[in-house]
Amino acid sequence: MSTQIRVVYQNNHVLRRFSESFKLKILAELSTGKYSKRELSRLYGVASSTINDWVRKYDRKDLMNTRVIVETKDEISRLKELQKEIDQLKKLLVKKDLEQLMNDSYMEIAAKKLGYKSVQEFKKKTDTSL
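Numbering (our numbering), first residue to last: 82 to 211.
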């Protein structure tokens, strides 16, 4: 049983194709916990990224790298406070944008009613800056 096939191209690059049984063997060894991805990579001459590709291909979520975040209650409450502050700032920004839009609209209406061609002309003549 061959574990891999090597094909050499003219430009001296080596393309390696691994058999399904070899891939599953690597994943089985990884799942035992005896070897890490890095150790298997060195042991069999397979890139760690290739092993990660196999983990995804065979949907082995149990072998995925996981990140565990440990937070204290103080950190969690601080994050909630910051999120509330962010939400308040977003609302305030929307309110300010709406106010600016209203002011611009009022200026357009005033300029039109007073017979000016544009808001800029109205601002120049009346020396108004909003």
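Please note that the accuracy of each hint is not assured.
To be verified - Calculated pairs, EDC-like style, for lysine to aspartate or glutamate (alpha carbon to alpha carbon, straight line, at most 20 Å):
{"id": "1", "residue 1": "K194", "residue 2": "E166"}
{"id": "2", "residue 1": "K115", "residue 2": "D143"}
{"id": "3", "residue 1": "K106", "residue 2": "D134"}
{"id": "4", "residue 1": "K205", "residue 2": "D178"}
{"id": "5", "residue 1": "K138", "residue 2": "E152"}
{"id": "6", "residue 1": "K138", "residue 2": "D168"}
{"id": "7", "residue 1": "K206", "residue 2": "E180"}
{"id": "8", "residue 1": "K176", "residue 2": "E166"}
{"id": "9", "residue 1": "K172", "residue 2": "E156"}
{"id": "10", "residue 1": "K106", "residue 2": "E120"}
{"id": "11", "residue 1": "K118", "residue 2": "D155"}
{"id": "12", "residue 1": "K106", "residue 2": "D155"}
{"id": "13", "residue 1": "K206", "residue 2": "D178"}
{"id": "14", "residue 1": "K165", "residue 2": "D155"}
{"id": "15", "residue 1": "K104", "residue 2": "D155"}
{"id": "16", "residue 1": "K198", "residue 2": "E180"}
{"id": "17", "residue 1": "K118", "residue 2": "E152"}
{"id": "18", "residue 1": "K204", "residue 2": "E180"}
{"id": "19", "residue 1": "K204", "residue 2": "E189"}
{"id": "20", "residue 1": "K194", "residue 2": "D208"}
{"id": "21", "residue 1": "K104", "residue 2": "D134"}
{"id": "22", "residue 1": "K142", "residue 2": "E110"}
{"id": "23", "residue 1": "K104", "residue 2": "E120"}
{"id": "24", "residue 1": "K104", "residue 2": "E162"}
{"id": "25", "residue 1": "K198", "residue 2": "D185"}
{"id": "26", "residue 1": "K177", "residue 2": "E189"}
{"id": "27", "residue 1": "K193", "residue 2": "D208"}
{"id": "28", "residue 1": "K171", "residue 2": "E189"}
Hints listed in this document are in silico derivations from the structure and should not be mistaken for laboratory results.
Quiz prompt | Ascending list of hint numbers which this structure does not respect | solution = Of the numbered hints given earlier, those the structure breaks are 1, 4, 5, 6, 7, 9, 11, 12, 13, 15, 16, 17, 24 and 28, listed in rising order.
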